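So the sequence lines, in the order shown, correspond to chains A, B and C. One point on numbering: in the working numbering, the residue at position 205 of the first sequence is 205, and numbering is uninterrupted. Basically the working numbering = 1-based index in the second sequence + 263. Basically the working numbering = 1-based index in the third sequence + 504.
Mixed in with the good hints there might be a few duds.
Said to hold, decoys possible - Simulated pairs of lysine-lysine, DSS-like, Cα-Cα distance not exceeding 25 Å:
1) Lys-574(C) / Lys-352(B)
2) Lys-737(C) / Lys-473(B)
3) Lys-21(A) / Lys-43(A)
4) Lys-739(C) / Lys-472(B)
5) Lys-330(B) / Lys-567(C)
6) Lys-574(C) / Lys-11(A)
7) Lys-511(C) / Lys-683(C)
8) Lys-275(B) / Lys-733(C)
9) Lys-737(C) / Lys-276(B)
10) Lys-302(B) / Lys-737(C)
11) Lys-275(B) / Lys-739(C)
12) Lys-473(B) / Lys-495(B)
13) Lys-726(C) / Lys-302(B)
As the list claims (entries may be wrong) - DEER-style ranges, computed between Cβ atoms:
14) Lys-683(C) / Thr-6(A): 44 to 50 Å
15) Arg-580(C) / Leu-261(A): 35 to 41 Å
16) Phe-586(C) / Lys-259(A): 47 to 53 Å
17) Ile-334(B) / Asn-698(C): 42 to 48 Å
18) Leu-65(A) / Pro-530(C): 44 to 50 Å
19) Asn-345(B) / Asn-698(C): 48 to 54 Å
20) Asp-289(B) / Thr-6(A): 36 to 42 Å
21) Asp-671(C) / Asp-30(A): 32 to 38 Å
22) Asp-224(A) / Asp-289(B): 50 to 56 Å
23) Asn-345(B) / Pro-86(A): 36 to 42 Å
24) Thr-313(B) / Asn-698(C): 22 to 28 Å
25) Lys-275(B) / Gly-27(A): 51 to 57 Å
26) Asp-289(B) / Met-741(C): 29 to 35 Å
To be verified - Footprint (simulated), chain B over chain C, 3 or more residues, beta carbon under 8 Å:
27) 558-571
28) 611-622
29) 644-653
30) 656-665
31) 692-701
Quick caveat, the hints were computed from the structure, so don't treat them as lab data. As the structure is a prediction and not an experimental result, all values here were calculated from the model. Backbone N, C-alpha and C fix where the C-beta goes; we use that ideal spot for every residue, glycine too.
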Amino acid sequence: MSTPVTKVRLKQIEQLIAKGKRLDERGLHDYRPIKIEQGLIEKAEGSARIYLGKTEVLVGVKVGLGEPFEDTPNEGVLTVNAELVPIASPNFEPGPPNEDSIELARVVDRGIRESHAIDNEKLCIEPGKKVFVVFVDVYVLNHDGNLIDASALAAMAALLNTKMPNYEVKDGELKMKQGYTPLPVKSHPITVTMGKINNTLIVDPWIEEEQVMDSRISIAINEDGNICATQKGGSGYFTPQQILEATKIAQEKAAEMRKKLDW
Amino acid sequence: MVKIFMPVLFEKKQLVIPGELLAEGDYLPGENTYMEQNKIYSSRIGLVDTDNKKVNVVALRAFYVPKVGDIVIGTVIEVGFNGWTVDIKAPYTALLRASDVLSRPFKPQNDELSAVLAAGDLIVAKIASYDRAHDPQLTVGEPGLGKITRGQILHVTPTKIPRVIGRKGSMISMIKQETGCQIILGLNGVVLVTGKTLEEEELAITAIKKIEEESHTSGLTDRITQLLKESKVKVEENKIE
Amino acid sequence: MNEKPEKLIDKKGIRLDGRKADELRPLKLQVGVLSNADGSAYIEHGKNKILAAAFGPREMHPKHLSQPDKMVLRCRYHMAPFSVQERKSPAPSRREVELSKVIKECLEPALFLELYPRTGVDVFVEVLQADGGTRCASITAAALAIADAGVPMRDLVVACAAGKVDDTVVLDLYDAEDKLGAADVPVAYMPNLNAVTLLQMDGILTNEEFEKAMNMAIDGCKKIYEMQKEALKTKYMVVKEVGEE
Chain A
1 MSTPVTKVRL KQIEQLIAKG KRLDERGLHD YRPIKIEQGL IEKAEGSARI
51 YLGKTEVLVG VKVGLGEPFE DTPNEGVLTV NAELVPIASP NFEPGPPNED
101 SIELARVVDR GIRESHAIDN EKLCIEPGKK VFVVFVDVYV LNHDGNLIDA
151 SALAAMAALL NTKMPNYEVK DGELKMKQGY TPLPVKSHPI TVTMGKINNT
201 LIVDPWIEEE QVMDSRISIA INEDGNICAT QKGGSGYFTP QQILEATKIA
251 QEKAAEMRKK LDW
Chain B
264 MVKIFMPVLF EKKQLVIPGE LLAEGDYLPG ENTYMEQNKI YSSRIGLVDT
314 DNKKVNVVAL RAFYVPKVGD IVIGTVIEVG FNGWTVDIKA PYTALLRASD
364 VLSRPFKPQN DELSAVLAAG DLIVAKIASY DRAHDPQLTV GEPGLGKITR
414 GQILHVTPTK IPRVIGRKGS MISMIKQETG CQIILGLNGV VLVTGKTLEE
464 EELAITAIKK IEEESHTSGL TDRITQLLKE SKVKVEENKI E
Chain C
505 MNEKPEKLID KKGIRLDGRK ADELRPLKLQ VGVLSNADGS AYIEHGKNKI
555 LAAAFGPREM HPKHLSQPDK MVLRCRYHMA PFSVQERKSP APSRREVELS
605 KVIKECLEPA LFLELYPRTG VDVFVEVLQA DGGTRCASIT AAALAIADAG
655 VPMRDLVVAC AAGKVDDTVV LDLYDAEDKL GAADVPVAYM PNLNAVTLLQ
705 MDGILTNEEF EKAMNMAIDG CKKIYEMQKE ALKTKYMVVK EVGEE
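Start from the sequences, fold in the hints, and give me the full structure.
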């Protein structure tokens with residue numbers, strides 16, 4: 001266990017926020033500097049790494065073959081997993097996924113799935129029998145706050161970088177052809193996470209701010225500006241008005257991010 | 264500025280639940296209530312009433328929180344190296360140090376603690392110390408405290424114990440007198456009844472249980488007195504037969 | 505294989521189970537149903553059947569999980585293997601793990617954690633039969649179980665979902681609507697404090713639809729809250745009336 005943030009520091013953060021400022025001189029609704037690299041893991045079908053401030057997340061995409069689900073015989077399968085590996089923080093312990101990593105994976109999954117980012121029907125090779133299975137593995141390498149947005153952005157970037165092997169069914173047999181096809185991505189959802197500190201909403205909470213905030217809300221926005229996933233987290237609460245305020249901020253910031261990344 | 268004395272929002276002894284708004288303005292939060300932005304809310308299920316300007320809720324459902332000086336009855340759970348762990352039906356287990364019980368200096372290697380008190384034994388003790396950072400410490404070093412060897416135990420909601428005691432101990436004295444039983448009321452809701460016969464103990468237990476169920480009603484003292492007298496007559500009749 | 509119905513809501517605004525857009529499924533709540541738990545409650549909400557039990561505050565096991573300055577709330581949401589159409593393995597699924605977490609986080613704001621440091625309150629929810637909206641029904645029952653255990657609370661927590669089927673925003677989706685509909689927004693709410701303690705959403709909604717769904721869910725919460733109050737008062741009123749002569 002690492003030493004918790006001191007009370008003096010927490011008070012400092014609270015007081016600054018009350019004045020509309022943050023420790024790293026960002027505005028209340030500003031993201032930290034973002035850098036995204038793609039294709040760094042050649043053995044994966046797709047990969048991307050994001051630096052969101054000092055938070056570092058690596059996402060690898062593996063594309064395999066499998067059977068479709070019974071109720072969607074013409075659709076491929078998407079599965080998202082997240083690992084909070086011990087190197088990322090003194091508070092992460094080795095072992096099977098705990099509730100935090102499961103929540104992270106499922107929130108990232110919902111953003112991609114509900115916005116129909118992947119054209120699932122194009123992942124079908126043989127209806128009812130064989131489809132592509134897209135494994136998205138989120139690997140948190142350094143935790144400096146806001147793992148949700150970092151992971152969601154990196155996952156999206158990794159999917160955009162993903163190439164699937166070509167298969168065809170010839171004479172009832174599955175054969176691999178030459179060449180690759182880019183994964184059919186038809187839309188780019190963006191998730192915006194806000195923390196609440198004494199009734200002020202801040203975008204992209206940094207790790208020390210996460211220790212002060214009483215709750216957080218993550219909202220995924222699709223390309224039409226509509227809401228496709230939401231998750232409140234933390235032990236505090238929001239008034240309904242604060243939630244509506246959060247959705248407006250999320251839409252603003254998602255549009256900005258989309259422009260910046262050219263998605 | 265004129266002080267506006269707003270009326271309370273409930274009837275006397277109305278049943279309220281957690282979160283119900285009880286009063287606004289110039290009132291003070293009492294038992295089982297809390298205040299937020301000048302409004303007083305209930306924090307437990309119970310019956311609400313005012314005492315001057317204080318709004319109180321008598322909880323119908325609550326657990327015992329230790330207080331220094333309280334007499335409690337507990338069960339020994341574990342025999343440790345230098346004392347015993349005791350279950351006093353509270354969120355915290357209590358500790359009874361060996362040094363408190365043994366009248367001579369305590370030698371861990373030689374002294375067999377389980378010979379003095381073993382798991383399952385009942386004790387009457389007093390809370391010697393307790394704070395937020397430490398589990399309650401018990402003492403049996405006063406007259407009337409120590410291991411219990413006979414009698415019957417009954418459990419009463421801790422919030423009802425004051426009613427069983429009665430004003431200036433009137434209720435409990437009456438029960439003791441009419442039943443001839445020795446009764447120790449642990450403030451943690453555990454009651455020990457020791458009588459000469461089983462019938463006497465049963466009578467006392469029935470009376471106490473009735474008080475628990477009807478604790479918030481009026482005329483209770485009379486009904487209990489009646490119950491005890493009627494039962495006593497029956498006991499006498501049985502003896503004659 | 506079940507056939508997918510063409511429309512989930514007809515021209516007259518009646519849904520497949522006969523309800524109007526803003527109608528709740530039938531609800532039944534009972535408090536104090538398990539004698540070994542410190543507090544308990546049972547809920548039937550539509551075809552959902554859920555039992556909730558609360559234990560504590562008590563010493564935590566393992567001890568190292570306790571906090572020196574506050575009480576810890578632990579929550580386990582679990583579905584019985586026979587609760588759903590296809591038998592579900594009794595091992596906790598990822599969904600159950602996530603739901604356990606969000607349910608805990610939605611109940612915590614109602615508790616005075618600082619009052620009993622170094623202790624824990626354990627809440628267990630067992631879904632005996634599931635038909636959509638189990639997390640909301642679980643929360644409604646869990647809050648009653650905690651109050652029934654005598655743990656002080658700022659307010660009860662009540663939950664209800666709203667969503668969209670076809671193009672209509674509707675209240676309280678059941679399983680078929682949840683699976684085939686366009687969006688689902690579960691909300692947990694503390695009615696006296698106007699506080700939203702759980703909010704999730706999946707599907708696609710415009711801003712206006714989201715606002716409408718959230719407000720509809722909150723209205724549903726307020727109606728269910730009245731039933732929670734009744735359930736608590738029913739159990740404790742019996743206690744009160746015994747003495748009335």
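Open item on the list: So, against the hints stated earlier in the document, which numbers end up violated here?
Closed with: Hint check: 3 fails alone, others pass.
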